[in-house]
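Asker: Here is what each chain is made of, one letter per residue.
Number of protein chains: 2
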Amino acid sequence: MSLIVVGSMAFDAIETPFGKSDKIVGGAATYIAWCASNFTDVKQISVVGGDFPQEELNALAARNVSLEGVQIKKDEKSFFWSGRYHNDMNSRDTLVTELNVLGTFEPVVPESYQGSEFLMLGNLAPSVQLSVIKQLKQRPKFIAMDTMNFWMDIAMDDLKAVLKEVDILLVNDAEARQLSGEYSLVKAAHVIRNMGPKYLIIKKGEHGALLFQDNNVFFAPALPLEEVFDPTGAGDTFAAGFIAHIAKTKDVSFDNMKTAIIVGSAMASYCVEKFGTQRLREINKTDIEARLKEFVQLSSFDISLV
Amino acid sequence: MSLIVVGSMAFDAIETPFGKSDKIVGGAATYIAWCASNFTDVKQISVVGGDFPQEELNALAARNVSLEGVQIKKDEKSFFWSGRYHNDMNSRDTLVTELNVLGTFEPVVPESYQGSEFLMLGNLAPSVQLSVIKQLKQRPKFIAMDTMNFWMDIAMDDLKAVLKEVDILLVNDAEARQLSGEYSLVKAAHVIRNMGPKYLIIKKGEHGALLFQDNNVFFAPALPLEEVFDPTGAGDTFAAGFIAHIAKTKDVSFDNMKTAIIVGSAMASYCVEKFGTQRLREINKTDIEARLKEFVQLSSFDISLV
Chain L
1 MSLIVVGSMA
11 FDAIETPFGK
21 SDKIVGGAAT
31 YIAWCASNFT
41 DVKQISVVGG
51 DFPQEELNAL
61 AARNVSLEGV
71 QIKKDEKSFF
81 WSGRYHNDMN
91 SRDTLVTELN
101 VLGTFEPVVP
111 ESYQGSEFLM
121 LGNLAPSVQL
131 SVIKQLKQRP
141 KFIAMDTMNF
151 WMDIAMDDLK
161 AVLKEVDILL
171 VNDAEARQLS
181 GEYSLVKAAH
191 VIRNMGPKYL
201 IIKKGEHGAL
211 LFQDNNVFFA
221 PALPLEEVFD
231 PTGAGDTFAA
241 GFIAHIAKTK
251 DVSFDNMKTA
261 IIVGSAMASY
271 CVEKFGTQRL
281 REINKTDIEA
291 RLKEFVQLSS
301 FDISLV
Chain E
1 MSLIVVGSMA
11 FDAIETPFGK
21 SDKIVGGAAT
31 YIAWCASNFT
41 DVKQISVVGG
51 DFPQEELNAL
61 AARNVSLEGV
71 QIKKDEKSFF
81 WSGRYHNDMN
91 SRDTLVTELN
101 VLGTFEPVVP
111 ESYQGSEFLM
121 LGNLAPSVQL
131 SVIKQLKQRP
141 KFIAMDTMNF
151 WMDIAMDDLK
161 AVLKEVDILL
171 VNDAEARQLS
181 GEYSLVKAAH
191 VIRNMGPKYL
201 IIKKGEHGAL
211 LFQDNNVFFA
221 PALPLEEVFD
231 PTGAGDTFAA
241 GFIAHIAKTK
251 DVSFDNMKTA
261 IIVGSAMASY
271 CVEKFGTQRL
281 REINKTDIEA
291 RLKEFVQLSS
301 FDISLV
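Heads up: the protein sequence lines correspond to chains L and E, in order. Sequential numbering of the first sequence, starting at 1, is according to my numbering. Sequential numbering of the second sequence, starting at 1, is according to my numbering.
If you're looking for bench data, these hints aren't it; they were derived computationally from the structure. These figures come from a predicted structure and were not determined experimentally. Just to be clear, a hint being listed does not mean it is correct.
Treat identical chains as interchangeable: a pair holds within one or across any two.
[Claimed, not checked] Taking lysine to any residue pairs in the SDA-like style, the calculated list, with each CA pair at most 25 Å apart, reads:
(1) Lys198 to Glu227
(2) Lys160 to Lys248
(3) Lys187 to Ser300
(4) Lys285 to Ser300
(5) Lys293 to Ser304
(6) Lys187 to Asn90
(7) Lys137 to Val96
(8) Lys293 to Ile303
(9) Lys187 to Tyr270
(10) Lys20 to Lys187
(11) Lys73 to Glu98
(12) Lys285 to Pro110
(13) Lys74 to Ala125
(14) Lys187 to Arg291
(15) Lys187 to Gly205
(16) Lys274 to Asn38
(17) Lys293 to Phe254
(18) Lys248 to Ser304
(19) Lys293 to Val252
(20) Lys187 to Glu206
(21) Lys198 to Ser300
(22) Lys23 to Lys198
(23) Lys187 to Arg92
(24) Lys77 to Glu206
(25) Lys137 to Ser300
(26) Lys198 to Ile303
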């Protein structure tokens, strides 16, 4: 039950209607590792600069996150992103993007990672994602991939090449529409699944998420929250909960994917409660079980009375 | 198990990206009657002009819809609305509104309607909705109310007066935000339930619907469709499926409301497949059962494996 995770480990500075964070630890792979390590061993592949806090690395190592694949470039700086969320929390402006170490990132898969059955490709340049797949001597049982509109704009050919190699793609609704050229998400799902991935998840933020396979569709609601404090990392956390449950159970049936997407939704609902990875650091198995039960309450019904 | 329905019976002319309808039969109470009559007797209260087709009235009567409370003003014209939907089908422009008979509508509750246990107040001037409640000698067991932003703009005091008298309000997300002054739908639900209704449904169109009561929340998904052909009447049909299931079962528990909201969602998913009430006229009990099973497939999951 071991999961390779590829993605950024970085610094973020976040402004929301509720406040402003200092420069805090962020990055897709950081969120994924904090979330996934509740369910499975994690083998991390990333790159950081000499400025990345050793305590953060120690904290992850203490959770069974292997850091052998994390390159530390002592004389360089970590990736930095700064953004400001609008009042609706669904849209944001990027204020600063400093690629730093990420600009020249060439991932190296350690020998000890070979043979892992599950792979999560966090949002990164498609060429970097593909490089990791190519380095694996044995194809993982199940490969999940995240991406974003930015790569559709500047690296569509590379993106299409990765899509042919993965089992499931996770994108949001706007990205699904851009990638497919279709407005209807049902039609978009047909088009995207013809590009390679057998499964597709379309994330709709506060409106939940859809899972598509053949003629099967599953809808996972988002938990209605009084306040979304900071949405940063929610998509990464969602993907992490999903793939980590699959890795834990080693079951890639559609029925188990339904459970996995609920796990992802539950973890994401915790993520947004505080700035950065803070809330993910606090929660334990009891919290996760309680939140999963809330999802059952939220969406179970009985049609036998109709 | 009899349900009083109050609302407009009218003509619509609809433009969507898929085409343009002639002047066809529409109106909230028309949609509600076509939908609800699958589940319960309907006692209709409305007003039409001499131009309203007798065949439509005959067709409804043949489905156990009592028309004793429908006033026919021979020398006047029926309410007419014309609108054009945008490409996303979530927003529309009103092209024409001719109130005609609706401008002076004074509902009269026939003696034979007295004693009905369930009441659906379709979207109409709040003063008209209140007049019906006041005419009922015995308060119905359960009163559902629809409204729209227009009445919040021009008749908020009247609207607040009706809210004090009803058990459940159905509004869309934008209307819930306008009525409450809160962006968060969870906070909006608190505020609105303090205005009177014990229960609240917030409709989110293609994103499903939320049901609130005390600390209980239930989320009903919308069926992901290849195409929404014509959204006109979907909200009325949803409300009708909801209240008609409650009327059929005479069970106002939260658990049964969950079932009822799924019934509403299933009926609305049929409504949008063709122009106007066309699809609602075609479907039968077998179709409804099949669609309900699709909702089970769409949203059932098992957390016992986590």
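Asker: Now look at each hint and say whether the structure bears it out.
Answerer: Against the structure, the hints:
When the C-alpha separation of Lys198 and Glu227 is checked against a cutoff of 25 Å, the pair qualifies only between copies, where the shortest distance is 22 Å, while the shortest distance within a copy is 35 Å. In this assembly of identical chains, Lys160 and Lys248 lie within 25 Å of each other by CA distance neither inside one copy nor across copies; the values are 29 Å within and 52 Å between. When the C-alpha separation of Lys187 and Ser300 is checked against a cutoff of 25 Å, the pair qualifies only between copies, where the shortest distance is 23 Å, while the shortest distance within a copy is 27 Å. In this homomeric assembly, Lys285 and Ser300 come within 25 Å of each other (Cα to Cα) both inside a single copy, at 22 Å, and across copies, at 23 Å.
Taking identical chains as interchangeable, the C-alpha atoms of Lys293 and Ser304 lie at most 25 Å apart whether they share a chain (22 Å) or sit on different chains (10 Å). For the identical chains of this complex, Lys187 and Asn90 are neighbours both inside a copy (23 Å) and across copies (18 Å), given an alpha-carbon limit of 25 Å. Within a single copy, Lys137 and Val96 get their C-alpha atoms no closer than 38 Å, and across copies no closer than 66 Å, so neither meets the 25 Å cut-off. For the homomeric pair Lys293 and Ile303, the shortest alpha-carbon distances inside one copy (20 Å) and between copies (8 Å) are both at most 25 Å.
For the homomeric pair Lys187 and Tyr270, the shortest alpha-carbon distance between copies (18 Å) is at most 25 Å, but the shortest distance inside one copy (31 Å) is not. With identical chains, the CA atoms of Lys20 and Lys187 are at most 25 Å apart between copies only, with a shortest distance of 23 Å across copies and 39 Å within one. Proximity of Lys73 to Glu98 under the C-alpha cut-off of 25 Å is restricted to the intra-copy arrangement: shortest distance 15 Å within a copy versus 71 Å between copies. In this assembly of identical chains, the alpha carbons of Lys285 and Pro110 never lie at most 25 Å apart, being 30 Å within a copy and 60 Å across copies at closest.
With identical chains, the CA atoms of Lys74 and Ala125 are at most 25 Å apart within one copy only, with a shortest distance of 23 Å there and 70 Å across copies. Taking the shortest alpha-carbon separations for Lys187 and Arg291, only the inter-copy value of 20 Å comes in at or below 25 Å, while the best intra-copy value is 32 Å. Proximity of Lys187 to Gly205 under the C-alpha cut-off of 25 Å is found in both arrangements, the shortest distances being 20 Å within a copy and 18 Å between copies. Taking CA atoms no more than 25 Å apart as the test, Lys274 paired with Asn38 passes inside one copy only; the shortest distance there is 18 Å, against 48 Å between copies.
Taking CA atoms no more than 25 Å apart as the test, Lys293 paired with Phe254 passes in both settings, with 21 Å inside one copy and 17 Å between copies. Only between protomers do Lys248 and Ser304 lie at most 25 Å apart by alpha-carbon distance; the minimum there is 13 Å, versus 34 Å within a single protomer. For a Cα distance limit of 25 Å, the shortest separation of Lys293 from Val252 qualifies both inside one copy, at 22 Å, and across copies, at 24 Å. In this assembly of identical chains, the alpha carbons of Lys187 and Glu206 lie at most 25 Å apart whether taken from the same copy (22 Å) or from different copies (15 Å).
Proximity of Lys198 to Ser300 under the C-alpha cut-off of 25 Å is restricted to the inter-copy arrangement: shortest distance 21 Å between copies versus 27 Å within a copy. When the C-alpha separation of Lys23 and Lys198 is checked against a cutoff of 25 Å, the pair qualifies neither within a copy, at 39 Å, nor between copies, at 45 Å. In the homo-oligomer, the alpha carbons of Lys187 and Arg92 lie at most 25 Å apart only across protomers (23 Å), although the nearest pairing inside one protomer, at 27 Å, exceeds that limit. For a Cα distance limit of 25 Å, the shortest separation of Lys77 from Glu206 qualifies neither inside one copy, at 34 Å, nor across copies, at 44 Å.
Taking the shortest alpha-carbon separations for Lys137 and Ser300, neither the intra-copy value of 43 Å nor the inter-copy value of 38 Å comes in at or below 25 Å. When the C-alpha separation of Lys198 and Ile303 is checked against a cutoff of 25 Å, the pair qualifies only between copies, where the shortest distance is 23 Å, while the shortest distance within a copy is 31 Å.
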